[in-house]
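Participant: Modelling step: build the complete structure from the supplied sequences, incorporating the hints.
Protein chains: 2
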Amino acid sequence: MTTTYRIALDAMGGDLGCGSVITAAHNALKTYPDIELILVGQEEVLLEELARQKKTLNDRLTIHHASQVVEMAEPPALALKKKKDSSMRVSINLVKEGVADACISSGNTGALMATARFVLRMLPGVDRPAITATLPSINGHTHMLDLGANVDSTAEQLYQFAVMGSELVTAVDDNSTPTVGLLNIGHEAIKGNGLVKEADILLKQSDLNYIGYVEGDDSFIGNVDVVVCDGFVGNVALKSSEGVAKLISGYIKEEFTRNILTKLIGLMALPIIAKMRRRLDPRLYNGASLLGLRGIVIKSHGGADHVAFGNAIKIARIEAIKNVPKHISEHIEQTLKQRYEEE
Amino acid sequence: MTTTYRIALDAMGGDLGCGSVITAAHNALKTYPDIELILVGQEEVLLEELARQKKTLNDRLTIHHASQVVEMAEPPALALKKKKDSSMRVSINLVKEGVADACISSGNTGALMATARFVLRMLPGVDRPAITATLPSINGHTHMLDLGANVDSTAEQLYQFAVMGSELVTAVDDNSTPTVGLLNIGHEAIKGNGLVKEADILLKQSDLNYIGYVEGDDSFIGNVDVVVCDGFVGNVALKSSEGVAKLISGYIKEEFTRNILTKLIGLMALPIIAKMRRRLDPRLYNGASLLGLRGIVIKSHGGADHVAFGNAIKIARIEAIKNVPKHISEHIEQTLKQRYEEE
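Those sequence lines, one after another, are chains A and B. Numbered according to the working numbering, the first sequence spans residues 1 to 343. Numbered according to the working numbering, the second sequence spans residues 1 to 343.
FYI, nobody ran anything at the bench for these hints, they're computed from the structure. Among the hints, a few may not be true.
[Claimed, not checked] Have a look at the derived ranges for each label pair, beta carbon to beta carbon: (1) 127(B) / 205(A): 28 to 38 Å; (2) 186(A) / 342(B): 36 to 46 Å; (3) 204(A) / 198(B): 27 to 37 Å; (4) 201(B) / 260(A): 31 to 41 Å; (5) 15(A) / 121(B): 25 to 35 Å; (6) 343(A) / 16(B): 47 to 57 Å; (7) 71(B) / 205(A): 27 to 37 Å; (8) 85(B) / 343(A): 47 to 57 Å; (9) 277(A) / 279(B): 15 to 25 Å; (10) 174(B) / 15(A): 47 to 57 Å; (11) 307(B) / 122(A): 36 to 46 Å; (12) 342(B) / 277(A): 50 to 60 Å.
Cβ coordinates follow ideal geometry from the N, Cα and C atoms, glycine included.
Facilitator: What follows is the structure, given as structure tokens:
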């Protein structure tokens, strides 16, 4: 017996339209024999694009019609209220109904968060969903959460992020005791704000492989598997790192195009630089997990092309295979039970 | 008539001892005919190092004896209480007494902050000192503050950081209307936590050239002159950016040393890469200003060599010439007056 994992793809949500989703879907079906993909969106638009790409539907690639599209700038509350037949909402509904094991959307993050929370509900004992993504590091990669779903988190929420991140890494990276670090402005115990000091106590009491405070550079050096922080801080860290990557990329280009000689050397160095760029290619890190929900929801970048979207499918598949929500739920339940017994 | 600016150098504070301070001092005296430098520290140690470097004291390079040294890991409260004759404290005392126009220390940041605040006191209307530094950006450079002096800042404090950063940039960069951005997790008004929303209102009401919310990458793209944030967030952003720079630097090295061919190309590309590295060299950005005090205090990196320390002297000199504390004080006073009149 082979198990098949079904993934619903919001085919209308991104900036690039359904073309990149369809291309990514076709490639993924070839790569992963154990998946089935459901294109969610306006049927006529999808059929037209399939015809344009000379691709056909089959047992493993189907369409599920959804008449509406959530706009990129649409307020989440409005999308929730007025777009009940949007490709985003219907994709999440399919997960809720058990038709799909996971869903992916490149749409409006706020609307995706709000809709996923409303439709799927939180896992018992989890207050708020958190966004996490893989970041490249010198030693491999790191998972950081939250990356912007929550601001003004409580210490208890940071603890929940730690459990969720830890279970995700255990499942996805086959790392049974991932190290967890709490993002702070120094490694010493006296450093930090009230929030991290309180969360530090909770984490020390937990059964997680907690290594204490980490600093902003530790994520990229790779001294830790899971970096826990409030969404405001995580988002700033992520965007700052993107800014520096752009800065250095610009410097490389400038220096190699300064004069004829540097251009010539640059031409020779091109494959090397290209290889380096590939290692930092944000498309290979596309696909942020919304953790803490009763179902798997992957946020793909708004501007995701087929390569980027393909990576999001890869993440959705592995989370479905490993049933990440179940593991998070069990871990949180265990914590609550333990706390109850201690009282 | 020529004005001379006197700068007190805590010669004992850094990790590298007084050698790099003395070398930097000698070079700076050659570069800037309008400065005088006071080496503060244990006289016999300084004389020995001067002899070793075959350098002599003169009218413009003098020693001010201080018997103690604040250790790098020493708790600030302890340093404040027990090290009243430390090179750090005495350097700050010289500013307080008007003997020096500015001081620089590579010592323990916490102790420097606490001592500077205790000895010099805050400017009227300023609650807390903030640390700011220059960050490289695609369009030149940006100043970000606070970088870690304060956690759990209030909106009013963020407003004060904005005034201080703005006055610093006006003075140092000859930019009379520097743009000020408030660090947030999106450019839209609905994004962010309570703190930034409250600070946004204060900044909109101010006479600053406030451009609204900026994101983590804007600092490095250079869309803004002054980026305002809580010290926790600023410190994480700064360290994350350092982490990414290390990561990319590591990738460059790896890709250029992969095999004989890449090594050969790497050899040719070496001067180009070196030039790029120089543009990112943290030593050229060494020297963080402690703003909001009744005097100029520059924090140099603990591991600063003579090049890095030289940059800190450059910053201290320009802040002394422009009398940055006076400008901050006048601006804050004007705000308070205006608010008082409006009430």
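Participant: Against this structure, judge whether each hint is valid.
Facilitator: So, going through the hints one by one against the coordinates:
1. Evaluation of the 28 to 38 Å hint for residue 127(B) and residue 205(A) yields a pass: the beta carbon distance comes to about 35 Å.
2. At roughly 40 Å, the beta carbons of residue 186(A) and residue 342(B) sit within the given window of 36 to 46 Å.
3. The hint said 27 to 37 Å for the Cβ distance between residue 204(A) and residue 198(B), and at roughly 33 Å that hint holds.
4. Hint check: residue 201(B) to residue 260(A), Cβ distance near 54 Å, so the stated range 31 to 41 Å is violated.
5. Distance hint for residue 15(A) and residue 121(B): a CB-CB separation of about 53 Å, inconsistent with the stated range 25 to 35 Å.
6. As the Cβ distance of residue 343(A) to residue 16(B) is approximately 53 Å, the hint placing it in 47 to 57 Å holds.
7. Taking the beta carbon of each, residue 71(B) and residue 205(A) are about 32 Å apart, inside 27 to 37 Å as hinted.
8. Range check, residue 85(B) to residue 343(A): about 54 Å between beta-carbon atoms, so the 47 to 57 Å window is met.
9. Taking 15 to 25 Å as the suggested C-beta distance range, the pair residue 277(A) and residue 279(B) conforms, at roughly 19 Å.
10. Between residue 174(B) and residue 15(A) the Cβ separation comes to about 41 Å, which falls outside the hinted range of 47 to 57 Å.
11. About 53 Å separates the C-beta atoms of residue 307(B) and residue 122(A), a value inconsistent with the hinted range of 36 to 46 Å.
12. Checked against the hint of 50 to 60 Å, the pair residue 342(B) and residue 277(A) passes, with Cβ atoms roughly 54 Å apart.
The structure does not agree with the numbered hints 4, 5, 10 and 11 stated previously, though it agrees with the rest.
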